[in-house]
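A.B. asks: Sequences are here, hints too, so could you generate the full structure?
Under the working numbering, think of the first position of the sequence shown as 9, with each following residue one higher.
What the hints contain is simulated information worked out from the structure, not anything from laboratory work. Virtual Cβ for every residue (Gly too), placed ideally from N, Cα, C. Do not rely on the hints blindly, as some may be mistaken.
[Said to hold, decoys possible] As a list, the in silico EDC-like pairs of lysine to aspartate or glutamate whose alpha-carbon atoms are at most 16 Å apart: (1) K181 to D103; (2) K181 to D194; (3) K181 to E142; (4) K169 to D128; (5) K181 to D192; (6) K169 to E121; (7) K169 to E228; (8) K169 to D103; (9) K169 to D238.
[Stated by the list, open to error] Label-pair ranges, simulated between beta-carbon atoms: (10) T52 to N100: 19 to 27 Å; (11) S47 to G98: 23 to 31 Å; (12) E121 to L185: 20 to 28 Å; (13) S86 to D192: 24 to 32 Å; (14) D164 to L267: 44 to 52 Å; (15) E234 to K115: 41 to 49 Å; (16) V40 to P213: 20 to 28 Å; (17) N79 to L267: 26 to 34 Å; (18) Q262 to G207: 21 to 29 Å; (19) E121 to G98: 39 to 47 Å; (20) D65 to F125: 27 to 35 Å; (21) N79 to P163: 47 to 55 Å.
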Amino acid sequence: MLNRNKISLAVAAVALTALASQQAVAHTRLTVSSTQESSAAHGTTTTAVNIPHGCGDNAVIGNVFFLPDTNSAIVQTSTDNFDAFETPEGDNALDYIVNQPFIRLIKSRDVFEMQEFITDPLGNPLGFWAGQGELPAHNWVAQLPINITAVAIQPDSCASKVVFIPAIANICKLTSLAEINGQDPDNPNVDFWTAPDVGTPYDAPAWNYPATYTVERDLENNPLPESCGDGFAVRIVPSAAQLNRDMPVTINGQQVWPLP
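C.D. replies: Have a look at this one:
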């Protein structure tokens, strides 16, 4: 005869595992979040922005996504098992990567009718915003497909991998800047999946919020210099200047989010 206590414990363990699994996929993430480095001259990664829910009980009516602009990005490094990052003074993203990754939009109107590129000052596509559609708050998932161009890691650097932190916002209501406080994890107006502590209203509350896109060094074709040992991880984060520049959504010259 089976021990009822053991059965109860087993059922509880299964339930907790299921709950943990649901929580693990509840964040907005990229469907393909890592790739091996490749020549800057060719190659892309096909992925998508995966939106798993609305803002509380409010549907998602728009999305903003962009990669860090390497001209102004915050650069952080980690040698502590890739867990603890610091910000070296004077480091530039191009000290570690040969080229900036750009995006290509994959044509789709499955969720939103409108999509427009977000570009750097030279017109290169770093991201996009999407709107005129709706993802219901519960039991639906949206995927916004994109390509990310190949990235090559600087051969002379000690970077064993480079982790890009995209900035993502799921917009559920058109509100003013004062009403979109990213530090509120239960904000019914918007969900921010951005880096924390950057210094903008668009910052997420903690480091478990932002998505990642990781480029792994090709150690066979681009080995680490002998002086690097095992190397270290590099994290590239959008700056406050970029967040303030690229988060607002403008249509026909008029800012529609946040409301002016």
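A.B. asks: Checked against the structure, which of the hints given earlier come out wrong?
C.D. replies: 1, 4, 6, 21
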